[in-house]
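Participant: For the sequence shown, the residue numbers in this note's numbering are 5 to 243.
None of these hints come from the bench; they were simulated from the model.
Possibly wrong hints are sitting among the right ones.
What the hints assert, rightly or not - Pair ranges (Cβ atoms, derived): (1) 236 x 30: 23 to 31 Å; (2) 211 x 190: 52 to 60 Å; (3) 188 x 142: 18 to 26 Å.
None of the values given here were measured: they were computed from a predicted structure.
Beta carbons are placed, not taken as given, at the ideal position from N, Cα and C, and that holds for glycine.
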Amino acid sequence: RQRFLTTGEVGIQRITSTQISRTPSPVAGGDLASFLQTVPGVITSGDRGGDLYIRGGTPDQNLILVDNMPIIKPFHISNLFSAFPDNIIQNADLYAGGFEPGYAGATSAVLDVALRPGNMREHSTSASVSPYVVGLQAEGPLQKDRSSFLLNSRFSLIDQTGSFLTGEDQNIQFADVLGRYTVQDDNITCSVTGLYTHDSGEIVPLREVDHSWTNIAAGARCLAFSETFNHPIDASAGF
5 RQRFLTTGEV GIQRITSTQI SRTPSPVAGG DLASFLQTVP GVITSGDRGG DLYIRGGTPD
65 QNLILVDNMP IIKPFHISNL FSAFPDNIIQ NADLYAGGFE PGYAGATSAV LDVALRPGNM
125 REHSTSASVS PYVVGLQAEG PLQKDRSSFL LNSRFSLIDQ TGSFLTGEDQ NIQFADVLGR
185 YTVQDDNITC SVTGLYTHDS GEIVPLREVD HSWTNIAAGA RCLAFSETFN HPIDASAGF
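Let the sequences and hints guide you as you build the complete structure.
Facilitator: Below you can see the structure in the form of structure tokens.
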């Protein structure tokens with residue numbers, strides 16, 4: 005399936021966490037927003053705004069899904085970051101050409117992001133600090149080899165460090181928090197995911213107009229395989 009997506013169908017690109025981590029980023033590790041800006045046909049509107057233009061379409065013509073949940077604007081105001089660092093992504097499919105009619109609401113492109121489950125065997129915590137962002141992550145099993153949790157959050161420091169780094173005030177702020185619970189059995193895997201993002205600041209500094217947006221999303225998804233029907237079953241619900 006992965007090889008087919010990579011080489012066999014025009015307009016579809018499978019993005020892995022390894023590819024994202026190898027893309028230059030202002031912080032340790034990679035970010036989906038930084039990677040997408042290296043893909044031909046994908047551009048941003050400028051230094052700020054969190055808008056992606058794919059193959060000439062406008063941002064509102066794109067459909068961005070996280071485990072089948074639509075996220076309106078997960079790219080942060082700085083254009084350098086999104087709500088998806090490489091350490092929480094399993095893979096992402098970018099449909100920049102034709103796509104199935106099941107992706108209702110998209111007329112330009114579809115970005116379908118699949119998050120990884122938390123570690124089913126070991127607990128771990130990590131933190132990262134850069135002049136731009138502070139990040140925290142925790143994960144581990146709730147029941148070994150059966151259920152796990154994953155928590156990830158990032159908060160920007162650009163409004164505090166920007167004047168020192170660039171010589172100009174940077175009136176932008178952003179944050180994101182993601183939580184995920186996963187449970188698995190022999191023929192079924194279910195996950196519950198919650199995502200919060202917030203961005204605010206000046207997109208065009210000379211206008212001195214503040215903009216802000218917030219995402220609040222929650223949903224559940226189950227993937228099962230029945231030998232009786234001999235095909236996978238995918239059920240999801242979200243807000």
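Participant: Now look at each hint and say whether the structure bears it out.
Facilitator: The hints, checked one at a time:
1. In this structure, residue 236 and residue 30 break the distance hint of 23 to 31 Å, their C-beta atoms being roughly 39 Å apart.
2. Between residue 211 and residue 190 the C-beta distance comes to about 58 Å, which sits within the given range of 52 to 60 Å.
3. The hinted range of 18 to 26 Å is satisfied by residue 188 and residue 142, whose Cβ atoms lie roughly 20 Å apart.
Checked against the numbered hints above, the structure violates only hint 1.
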